[in-house]
Amino acid sequence: MTEEFFEKTLASREIEAIPGMLEFDIPVHGDNRGWFKENFQKEKMLPLGFPESFFAEGKLQNNVSFSRKNVLRGLHAEPWDKYISVADSGRVLGSWVDLREGASFGQVYQTVIDASKGIFVPRGVANGFQVLSDTVSYSYLVNDYWALDLKPKYAFVNYADPALDITWENLEEAEVSDADKNHPMLKDVKPLTKDLL
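UniProt numbering numbers the first residue of the sequence shown as 1 and each following residue consecutively.
Honestly, the hints are just simulated from the structure, not real lab data.
Just so it is clear, the structure is predicted and the values come from calculations on it, not from any experiment.
Hints should not be assumed to be uniformly reliable.
DSSO-like, lysine-lysine: derived pairs with alpha carbons at most 30 Å apart [unchecked claim]: (1) Lys-187 <-> Lys-153; (2) Lys-44 <-> Lys-8; (3) Lys-117 <-> Lys-194; (4) Lys-117 <-> Lys-8; (5) Lys-59 <-> Lys-153; (6) Lys-59 <-> Lys-194; (7) Lys-69 <-> Lys-37; (8) Lys-151 <-> Lys-117; (9) Lys-181 <-> Lys-42; (10) Lys-8 <-> Lys-37; (11) Lys-44 <-> Lys-69; (12) Lys-153 <-> Lys-181; (13) Lys-181 <-> Lys-194; (14) Lys-42 <-> Lys-59; (15) Lys-151 <-> Lys-59.
Pair ranges (Cβ atoms, derived) [stated by the list, open to error]: (16) Asp-149 <-> Ala-179: 14 to 20 Å; (17) Ala-147 <-> Ser-12: 28 to 34 Å; (18) Glu-101 <-> Leu-150: 15 to 21 Å; (19) Glu-52 <-> Ala-147: 20 to 26 Å; (20) Lys-151 <-> Gly-34: 17 to 23 Å; (21) Arg-13 <-> Glu-52: 36 to 42 Å; (22) Asn-70 <-> Gln-41: 15 to 21 Å; (23) Asn-63 <-> Ser-89: 15 to 21 Å; (24) His-29 <-> Val-64: 17 to 23 Å; (25) Ala-147 <-> Leu-10: 19 to 25 Å; (26) Phe-55 <-> Ala-179: 30 to 36 Å; (27) Glu-169 <-> Ala-87: 29 to 35 Å.
A virtual CB, placed ideally from N, CA and C, is assigned to each residue, including glycine.
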């Protein structure tokens with residue numbers, strides 16, 4: 001890891017393409033033995049724009065997925081907000097598509113995520129990633145509990161839709177689930193209205 005990785009200060013910025021989406025620089029403290037970070041700290045992040053509404057219903061759950069190099073997951077929009085980060089020394093190419101009804105429908109944002117970056121994703125924005133490192137542990141802090149009966153409220157869009165103009169790395173070598181391969185193209189996705197979110 002580079003020295004810049006350790007020298008960041010906590011900061012945030014809004015993502016112009018997708019309203020409500022935020023990117024956070026996370027300080028990482030380390031030396032030759034390893035590193036430590038405060039991945040999420042409510043009192044420090046609220047003044048930087050993290051929405052207080054995230055905590056309104058009092059439900060919080062943290063999920064972690066583990067994936068190998070070239071695994072590609074997505075693009076899925078769930079009916080909850082999420083704060084995404086990398087929990088180890090891995091790296092992913094994160095990609096998001098706004099599926100909410102409105103002027104930003106179909107807008108895309110991409111960035112590389114490592115342990116020094118956190119992303120707030122509002123509900124209705126589809127999330128996907130491709131693993132760039134040998135392995136990665138990908139962490140989601142969400143404000144609702146996963147339940148099978150919420151599945152009908154999910155929305156999906158095909159990661160390979162040329163209309164999205166998403167740049168993946170070595171797409172022909174990517175390992176993708178059959179379900180993700182069969183998601184609809186953007187032209188066939190019905191925008192998510194507020195009552196569905």
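Structure-based check of all given hints:
For the suggested pair Lys-187 and Lys-153, the alpha carbons sit about 19 Å apart, so the restraint of at most 30 Å is met. For the suggested pair Lys-44 and Lys-8, the alpha carbons sit about 15 Å apart, so the restraint of at most 30 Å is met. Annotation: proposed proximity of Lys-117 to Lys-194 holds, straight-line Cα distance about 29 Å (limit 30 Å). Of the pairs offered as hints, the one joining Lys-117 and Lys-8 holds, with about 10 Å between alpha carbons and a cut-off of 30 Å not exceeded.
A C-alpha spacing of about 18 Å is found between Lys-59 and Lys-153, which places the hinted pair at or below 30 Å, so the restraint holds. Proximity of Lys-59 to Lys-194 is assessed by CA-CA distance (about 20 Å); at most 30 Å being required, the pair is judged to hold. A distance of roughly 24 Å separates the Cα atoms of Lys-69 and Lys-37; the hinted pair therefore holds under the 30 Å criterion. Taking the CA atoms of Lys-151 and Lys-117, the gap is about 28 Å. The hint holds against a cut of 30 Å.
Restraint check: the Cα-Cα separation between Lys-181 and Lys-42 comes to about 37 Å, which exceeds 30 Å; the hinted pair is violated. Taken as a hint, the Lys-8 and Lys-37 pair is honoured in the structure, with Cα atoms around 11 Å apart against an allowance of 30 Å. For a cut-off of 30 Å, the pair hint linking Lys-44 to Lys-69 is broken: about 33 Å separates their Cα positions. A distance of roughly 19 Å separates the Cα atoms of Lys-153 and Lys-181; the hinted pair therefore holds under the 30 Å criterion.
Proposed proximity of Lys-181 and Lys-194 is supported: the alpha carbons are some 27 Å apart, at most 30 Å. As the CA atoms of Lys-42 and Lys-59 are separated by approximately 14 Å, the hinted pair is consistent with the 30 Å bound. The suggested pairing of Lys-151 with Lys-59 holds, with an alpha-carbon distance near 18 Å, which does not exceed 30 Å. Evaluation of the 14 to 20 Å hint for Asp-149 and Ala-179 yields a pass: the beta carbon distance comes to about 19 Å.
Taking the beta carbon of each, Ala-147 and Ser-12 are about 30 Å apart, inside 28 to 34 Å as hinted. The supplied range of 15 to 21 Å is met by Glu-101 and Leu-150, whose beta-carbon atoms lie about 19 Å from each other. Checked against the hint of 20 to 26 Å, the C-beta distance between Glu-52 and Ala-147 comes to roughly 24 Å, which is consistent with it. A hinted range of 17 to 23 Å is violated for the C-beta pair Lys-151 and Gly-34, which are about 39 Å apart.
About 18 Å separates the C-beta atoms of Arg-13 and Glu-52, a value inconsistent with the hinted range of 36 to 42 Å. The supplied range of 15 to 21 Å is broken by Asn-70 and Gln-41, whose beta-carbon atoms lie about 33 Å from each other. Take Asn-63 and Ser-89: their Cβ atoms lie about 20 Å apart, and the range 15 to 21 Å holds. Look at His-29 against Val-64: about 21 Å separates their beta carbons, and that is inside 17 to 23 Å.
Checked against the given bound of 19 to 25 Å, the beta carbons of Ala-147 and Leu-10, roughly 33 Å apart, lie outside it. For the pair Phe-55 and Ala-179, the beta carbons lie near 31 Å from each other, so the given range of 30 to 36 Å is met. Checked against the hint of 29 to 35 Å, the pair Glu-169 and Ala-87 fails, with Cβ atoms roughly 21 Å apart.
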